[in-house]
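Protein chains: 2
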Amino acid sequence: MEEKEISKAVISRLPRYYRYLGELTNAGVERISSNDLSRKMRVTASQIRQDLNNFGGFGQQGYGYNVKYLRTEIGKILGLNQSHSMIIIGMGNLGQALANYASFEKNGFLVKGLFDVNPRLDGREVRGIPIRMLDELEAFLKENPIEIAALTIPKTEVLRVSEILVKCGIKAIWNFAHTDLNLPEDVIVESVHLSDSLMRLSYNITSYRKEHGES
Amino acid sequence: MEEKEISKAVISRLPRYYRYLGELTNAGVERISSNDLSRKMRVTASQIRQDLNNFGGFGQQGYGYNVKYLRTEIGKILGLNQSHSMIIIGMGNLGQALANYASFEKNGFLVKGLFDVNPRLDGREVRGIPIRMLDELEAFLKENPIEIAALTIPKTEVLRVSEILVKCGIKAIWNFAHTDLNLPEDVIVESVHLSDSLMRLSYNITSYRKEHGES
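In order, the protein sequence lines correspond to chains A and V.
Read in order, the letters of the first sequence correspond to residues 1 to 215 in my numbering.
Read in order, the letters of the second sequence correspond to residues 1 to 215 in my numbering.
Calculated from the structure, these hints are not laboratory results.
Please read all numbers here as calculations on a predicted model, not as lab measurements.
The reader is advised that the hints may include incorrect statements.
No distinction is drawn between identical chains; accordingly, a pair holds when it is met within one copy or between any pair of copies.
To be verified - Derived DSBU-like pairs: lysine-lysine, alpha-carbon spacing no greater than 30 Å straight-line:
1. Lys155 x Lys68
2. Lys8 x Lys155
3. Lys142 x Lys8
4. Lys68 x Lys142
5. Lys171 x Lys112
6. Lys40 x Lys112
Could you build all of it, start to finish, from the sequences and the hints given here?
In structure tokens form, the structure reads like this:
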């Protein structure tokens, strides 16, 4: 497959393909046409064909897609054929939710460490993983090869924690703090800003009402 | 201001402007040029001007933007000048995280009810709001005007719960379940798919490594 620049929009849609193909696999579907996949996913068939053509196609004219094969290939593109070691920093409700989310592991994301600053949590376990105190983070990272750090901490803590992470060579951060991270360019950041999402919902409610003459 | 179709990309950036303008307000900044805002937000100044021109501009040539005014106006566009009543269904860690997230309230999102199916949670309170059982949902919605339902439930429960919500006239759903909702077109859905986000991170790690010759 030729290497070329894939647009962010295409990349952002790949996990959704992966998810739908997983559901189809579970439902025992072996082959699906782009038209059927299109109806199911509520995107146009031409969008599906275009998106997948970025990676070489995968479909045979007239035969549709082999669901299992396509899912595996998209998984490879997404890097899900390799395991990814992860730590979670911040064991509030959100951190605990992530630590308890078993389906991450099915996709190769392995939680190796949990950290917090609250001494009452010290040594408590989530799914067998002990919660460590933040001042153990550096030593932990020296001994354990960790790829991804999930940050579920208040934004006031972000600077301090991300400095430790960068210093210890962490190259990927999954950021839930309500602020953007300004880190060196070789650190990959994926942010989940819940407030931003809620505001988009609010925007859509507001503009729907305007269109329909409600106030 | 003329009504026109605003692109999804622009809308998705508005909450980020709102967030930065909030930080600037807190820092006591009264006025900012699009160039300074551009550096801070790491987007081009021309993008900022283009985005804001969708709503009539807000800036005076040579004077930059009035931070407080711009924030208020963007807040209005996002519908944050009105309050939005919300319920949260699913009081696992993620639901509790949302229920505890006080900053939603600052933006007018008022949590009015919490629901779960676990009898052990019945009557327990989060920030003074009692957790109710799911079988009380319909009666609750008849008595309380609720705009947004946040779904932090397993995907196996989504169909059942969303049917109740639609039947009771809920028109906006903030969906955290790991599946898309197929609802009537007049129901606005904003989904936060955490796994999709983690897969995007994984994709970026994988493609960064390819580019840099690591395996």
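Any hints this thing doesn't respect? Which numbers, in order?
3, 4 and 6
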